[in-house]
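Spelled out from the first residue to the last, the chains are:
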Amino acid sequence: MNWLPSYSHAYVETAVRDRPFAKEILQKFPKARIVEIHDYKEVFNRRAQDFEQQKKSPKLLLAAKKDQFVYDGSRFVQDADNPNFVYNALSLNCAYDCSYCYLQGMYNSANQVCFVNLDDYFAATEHAIQRRSFQACPLYLCISYDTDLLAFEAVAPYCRRWIEFCRGREGELEIEIRTKSANFSQLADLEPQANVILAWSLSPESVCQLYERKTPALRSRLKSMAHAVRNGWRVRMCIDPILAIQDWRAQYAGLVEAVAEQVGLSNLLDVHLGVFRMNTDYFGNIRKRRSPVDLYYRNWKRELGTVTHPEVEREELTCFVKAQLSGRMDPGRIRAW
Amino acid sequence: MKLLVVALYPEARPWIVRLGLKKPSSANGLEVYLGQGHALLVTGVGKVPAAVRVARALELSELSGVRCVINIGICGCADASIALGTVFLANKIEEAGTGRAFFPDMLVRHPFLESALVTVERPVLDGPNPLAGPVLYDMEAAGIFQAASCFVTADRQHYIKVVSDHLDGGMLSKERIEELVEQAADAVLDFVNALPDVSLDRRCVLLQEDEAALDKLCAALRLTRTQSVQVRDWAIAYRLAGKQLLATRLSAVAESQPEGQTKADRATALETLQYELAT
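So the protein lines, in turn, are chains A and B.
Per the working numbering, residue 29 is the first one in the first sequence, and the count goes up by one each step.
Per the working numbering, residue 3 is the first one in the second sequence, and the count goes up by one each step.
Next comes chain A alone, as it looks inside the complex:
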């Protein structure tokens, strides 16, 4: 089939068309056809959409977020032991297409929404900093949550803006930018920031190929991570989800080895480990919406509204990877979900 290129069309809320950040994004797509809309929800939330087909040629939606600029942390996410854990939604959906990703079960649409009213986010974050529960700890904000911001940085430079926002706010704000991208080069000219954590999600190359469509290869991610370390950034490694693929022990041992060689385990701020877990409703939606992938038909356990591994398997997976890391880095810097 002759698909249109990704982002061939930009659906732009009339109210944001003249905002500088919207213009900056649209400049990256000079050939995109602009369709004016009143509210992004009339495109993004409409019924009768086919996520799988849309993923073959996703469109860009530029909008203003009207409310909820800061959310309290989800039970599915590691909070890095910070009691002031919050996240925001600067963009909805992701340029990548991972089989295990909950976004495909959460949203009806595969199109990418970019909220362009950054000033409103900054104001809300200022407010959240002031009223955070534990004043002794900084507000811990994940900004790349329902998306992969660094993957989209060349188009929408959110990370750069937030890193700039973080300057001078050490002790009161800490942000995590999680990514699977190999796009550190987009930030390489910036001074490293002590209250910014760049977190890379890594998987063995076989998992990248099988379940992480459109993502960069492991070697590219490692190269990007090593570049960030060299430039003095605080870098986190996330191996989440650890998947019980064929020969998984050798695959994950190989992954740890590759990180040790190319990035250096001692150079990492910390490591987050996790296993597959997903809200049961999202999981059901994915099974209905997407072409079948063996992951969706495994013998998962359903408990408390979550689809995950049976406990024994869960333990086995995390303990194994933890053991690979333990002898080579401070175990206190390894956190498992």
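Quick caveat, the hints were computed from the structure, so don't treat them as lab data.
Some clues are possibly wrong.
To be verified - Capping the alpha-carbon separation at 35 Å, the derived lysine-lysine pairs in DSBU-like fashion look like this:
1) K69/A with K56/A
2) K59/A with K94/A
3) K59/A with K251/A
4) K69/A with K251/A
5) K69/A with K51/A
6) K242/A with K69/A
7) K329/A with K51/A
8) K84/A with K245/B
9) K84/A with K94/A
10) K350/A with K329/A
11) K69/A with K93/A
12) K329/A with K25/B
13) K56/A with K176/B
14) K4/B with K316/A
15) K350/A with K51/A
16) K59/A with K329/A
17) K59/A with K4/B
18) K218/B with K242/A
19) K316/A with K93/A
20) K25/B with K176/B
21) K242/A with K24/B
22) K265/B with K329/A
23) K176/B with K316/A
24) K218/B with K69/A
25) K251/A with K94/A
26) K350/A with K59/A
27) K218/B with K84/A
28) K218/B with K245/B
29) K84/A with K56/A
30) K59/A with K69/A
31) K329/A with K245/B
32) K350/A with K25/B
33) K56/A with K94/A
34) K265/B with K316/A
35) K316/A with K94/A
To be verified - Away from chain B, derived, C-beta distances all over 10 Å, residues of chain A:
36) Q81
37) E198
38) V321
All C-beta atoms in this analysis are idealised placements derived from N, C-alpha and C, irrespective of residue type, glycine included.
Take the given structure of chain A and dock chain B to it, following the hints.
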């Protein structure tokens, strides 16, 4: 199957001829034409008749295989610099009466111009407006979109419009309408034929013989609904792993059940099957 939807018979005639469509003996009072891989519906003028007839047509058993709805028809255009006969694909459909907007997904390449299309209650006779851009006007698309969305997703709906006038109120003869559609027909047909005719059920990884063996197994082991779903998942995972002889394995378990089996026998058989399919 692809369903072409038009408002008027002169818009239908070029397709009936080109695609060799025939009127079936019974179509529940609808003006439907059927052919190999294509069907055509004539709705009449206006968004309400169009919506009602599209919904009724898509409920016909003859059209149960429709995966794609393509509205083809003439339209008015506010921009006089756009030549009559120009073909557009609508990327936005506005319903003038309610102010609502609908968006067919623009996923596939096409050779046409694109524009917003406004569905109005009565013909617009304002004359050309050079400031309006190529805004198009018709009387059916918003109704068709809303009705068709109950049956097919937005990526499987396409709204192709041929400019017939510049809102100057002149009457169009049947021959002229047919001529305009005929002129666009080659390009439109190339586009329609290239559209994917994908199945809506992507979960059909199991073969017919697998399905039969599963039914037999569920009956033999007297599986509950939940257990049946679980076994089906194992079977799908087995197929996705590229393993063969699924039906044989399932049948073997079904046939090996002893007379007067107990609940414990069935539980053991299920456990064994799970292990066998996973390894």
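For each hint, the structure was consulted:
no.	hint	verdict
1	K69/A with K56/A	23 Å, holds
2	K59/A with K94/A	29 Å, holds
3	K59/A with K251/A	32 Å, holds
4	K69/A with K251/A	38 Å, violated
5	K69/A with K51/A	20 Å, holds
6	K242/A with K69/A	26 Å, holds
7	K329/A with K51/A	47 Å, violated
8	K84/A with K245/B	28 Å, holds
9	K84/A with K94/A	29 Å, holds
10	K350/A with K329/A	22 Å, holds
11	K69/A with K93/A	11 Å, holds
12	K329/A with K25/B	53 Å, violated
13	K56/A with K176/B	47 Å, violated
14	K4/B with K316/A	23 Å, holds
15	K350/A with K51/A	46 Å, violated
16	K59/A with K329/A	47 Å, violated
17	K59/A with K4/B	30 Å, holds
18	K218/B with K242/A	41 Å, violated
19	K316/A with K93/A	29 Å, holds
20	K25/B with K176/B	20 Å, holds
21	K242/A with K24/B	46 Å, violated
22	K265/B with K329/A	23 Å, holds
23	K176/B with K316/A	46 Å, violated
24	K218/B with K69/A	46 Å, violated
25	K251/A with K94/A	38 Å, violated
26	K350/A with K59/A	48 Å, violated
27	K218/B with K84/A	39 Å, violated
28	K218/B with K245/B	20 Å, holds
29	K84/A with K56/A	20 Å, holds
30	K59/A with K69/A	24 Å, holds
31	K329/A with K245/B	24 Å, holds
32	K350/A with K25/B	69 Å, violated
33	K56/A with K94/A	25 Å, holds
34	K265/B with K316/A	32 Å, holds
35	K316/A with K94/A	31 Å, holds
36	Q81	4 Å, violated
37	E198	45 Å, holds
38	V321	7 Å, violated
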